[in-house]
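Undergrad: For the record, the sequence lines run as chains A and B. Residues 1 to 376, numbered by the working numbering, are exactly what the first sequence covers, in order. Residues 1001 to 1325, numbered by the working numbering, are exactly what the second sequence covers, in order.
None of these hints come from the bench; they were simulated from the model. It is possible that some hints are incorrect.
Partner residues aside, some chain B positions facing chain A, computed with beta carbon under 8 angstroms [to be verified]: (1) F1151; (2) F1161; (3) L1165; (4) P1167; (5) F1267; (6) V1293.
Pairwise CB distance ranges (calculated) [what the hints assert, rightly or not]: (7) A:L128 <-> B:Q1169: 52 to 58 angstroms; (8) B:Q1039 <-> A:E320: 33 to 39 angstroms; (9) A:D82 <-> B:S1140: 53 to 59 angstroms; (10) A:R204 <-> B:L1056: 51 to 57 angstroms; (11) B:S1140 <-> A:A273: 50 to 56 angstroms; (12) A:T23 <-> B:Q1169: 57 to 63 angstroms; (13) A:F266 <-> B:I1017: 54 to 60 angstroms; (14) A:R204 <-> B:V1078: 19 to 25 angstroms; (15) B:L1168 <-> A:R104: 29 to 35 angstroms; (16) A:V54 <-> B:P1050: 38 to 44 angstroms.
Idealized CB from N, CA, C, for every residue including glycine.
Chain by chain, the residues run as shown.
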Amino acid sequence: MVRDLVAERVEAQREREAARARTPLQLAWRQLTRYKLALAGAAVLVILYSGMLVAEFLAPYALDFSDRNLFYAPPVGVHIVDAQGHWHLRPFVYAYRLVDPGLRIYGPDTARPYDVHVFVRGFPYRFLGLVPTDIHFLGVDPPARLFLLGSDQFGRDLFSRMLYGSRVSLLIGILVVVVEFPIGMILGGIAGYFGGLRDNIIMRSVEVLAAFPTFYLLLTLASVLPPTLTSAGRLFMISAVFSLVGWGGLARVIRGLILSIRELEFVLSARAAGLKDGKVITRHILPITSSYVIVAATLTIPGVILGESGLSYLGLGVQEPSTSWGLLLAQAQDIEALTRHPWLLIPGFMIVLTVLAYNFLGDGVRDALDPRQRST
Amino acid sequence: MIRYIVRRLILLGPLLIGISFVSWAAIQLTSRWTGDYFQALVLQYPQISPQTIAALRTRFGMDQPLWIQYFRWLWNIVHLDFGLSFAYQVPVTWLIGSRALNTLLLSLSSFIVAWVLAIPLGIYSAVRQYSFMDGLLSASAFVAISVPSFFSALLLLYAAFWTHLVPLQGLTSVDFDFLPWWRQGLDIAWHLILPTIALGVFSVGGLMRYMRTNLLDVLRADYVKTARAKGLAERVVILKHAVRNAINPLVTLFGFELGGLLSGAAFVENVLGYPGLGRLILEAVLKKDVFVVMGSLLLGSVLLILGNLTADILLAYVDPRIRYD
């Protein structure tokens, strides 16, 4: 009896210790999963990025496909009940019929329904960039067109182009973080760790950069890019421009963090043990800043996505024929096109959705990793 | 404090030289790779003779070696001469001056709208923390900071076109010059509504959340507990004790906004056809109108630096704990 009681006590004690002995990462994870909006943001991002990976599979039409007779066609209606009131088992669409050639008003040609096929053969591509195939998720037989979100001024499918454009819009943020953060961390690390002349040179350059109005600097630098670049090269150069503009702020914060970290005992002991400066910085000091860096990264990405969409909207970002959400929105610049063909605005909602998801996720990650900065 | 300000102002000199050099280098690279303004002119009007182009180049000093061009430009800046615009053939100072006033007007009106909306909403949100309205306001704030400013302008443009409530583009009506002065004022105010909403209302989000966070921090403080304990009305506790302290850090934002006054509106100006500085600079960059770009970059930078300095000074003024030495 007594022994049972003791065993119970011991068990309870062990449980309490186990609870206390959670690693910081486990604690952070628990905190993050409590914040439902952050989870929702993460879920949206997973869906968007998966869609981006299999863009060719999901897109009914190729990047360069255009039907010159069907420019500014409105989103096609997907029906299950036809004009005669019959129910269909398969969803179907009607072909477009030009009702008013002067005003370019389209109506459905209800003479014949065209079934929406699943897993149809279309233009050839490589699935995930590896497996050559020509199977697509959805499609209809011509002359009907599956313009789910309408078409643009050249009769190109907006839905397909949004899928292809998501590759630029979604990747550029990550690309910038990959380029900018090593630069900012290493230069900030050097400035904070060594101090003196190196600190002065680095921090004065940061000040010059910070003194530029960011938008004008981006504009000027983006206009420097030669027009002969390939689209991949251009994407990379634009991320380089964003990184060039953005590393300063990161370097300044990292320097501030390192000024206090470098005085801690374990750093002194590492130096006393004869470790080289470079290794002390990369192995012992920079890892301490990781929680700040992760938070900064999740909040940098949406900013870059907004910036790229702005540049592309002005025609200084990615160039035709490749595309991005910002560039797709540039077609709505013309006030007549905008007011008569409002579906051209849809890519903008994708930008808002993505940035919102990142902001929620970033907010949650900050709460989880950096309780001092918690935004309540 | 005075020493700190003087030191910052002395540093301004080298900083400006650095800025001017970077922007000069950038724009020279552009011209090298994609052709300068005059080459574009020849492409557009092939009938212009090479002699005319050469004469134009000489007129703008573009026939000199690069470093001479740079130092000549720098020397003229010291005399407050920012050169001539290629495209408009007028002094850059005049061009910027005529546009800067419009941008200033838009920035100020949206600034006022943003603050007048954000502060009460932030206070309300913090006082009713975790209520339904707080959740709604926070969610809207998140959406507002996630909308690119050109997209909010496009959406408003679309709404305005179909409702016919407010004018769509520009700052003045066609018959502006023939109106009496008070109708001119009304006309401008009427045209300002759309850009002000696009710029002001959508910047409420960040400001409101900032106010909310600050106030929540303050409401946990001991002196708020004391104020309540001695029996003050809740209204007095919030408005007189808490809000006054919570609003202090926002003063720094005021300085930063000053820095962004002239550059923050570029996208909205572009979409809504507003005759402001942002559009001028965008066009100048695209046309490679070198002196306009350089002049406005320099002006924007000076404003930004002065804005940051103002932020620092204001913060030290409202918060005696902060010292710069």
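Undergrad: Hint by hint, say whether it matches the structure.
TA: The hints, checked one at a time:
1. F1151: At 4 angstroms from the nearest chain A Cβ, F1151 (chain B) passes the 8 angstroms test, so the hint holds.
2. F1161: holds, 5 angstroms
3. L1165: violated, 14 angstroms
4. P1167: At about 12 angstroms, which exceeds the 8 angstroms cut-off, the nearest Cβ of chain A leaves the hint on P1167 (chain B) violated.
5. F1267: holds, 6 angstroms
6. V1293: holds, 7 angstroms
7. A:L128 <-> B:Q1169: 52 to 58 angstroms: violated, 46 angstroms
8. B:Q1039 <-> A:E320: 33 to 39 angstroms: violated, 23 angstroms
9. A:D82 <-> B:S1140: 53 to 59 angstroms: At 42 angstroms between Cβs, range violated.
10. A:R204 <-> B:L1056: 51 to 57 angstroms: This hint is violated: roughly 38 angstroms between Cβ atoms.
11. B:S1140 <-> A:A273: 50 to 56 angstroms: holds, 55 angstroms
12. A:T23 <-> B:Q1169: 57 to 63 angstroms: holds, 58 angstroms
13. A:F266 <-> B:I1017: 54 to 60 angstroms: Violated, at about 43 angstroms.
14. A:R204 <-> B:V1078: 19 to 25 angstroms: holds, 22 angstroms
15. B:L1168 <-> A:R104: 29 to 35 angstroms: The hinted range 29 to 35 angstroms is violated for L1168 (chain B) and R104 (chain A), with Cβ atoms some 22 angstroms apart.
16. A:V54 <-> B:P1050: 38 to 44 angstroms: violated, 55 angstroms
In this structure, the hints that do not hold are numbers 3, 4, 7, 8, 9, 10, 13, 15 and 16, in rising order.
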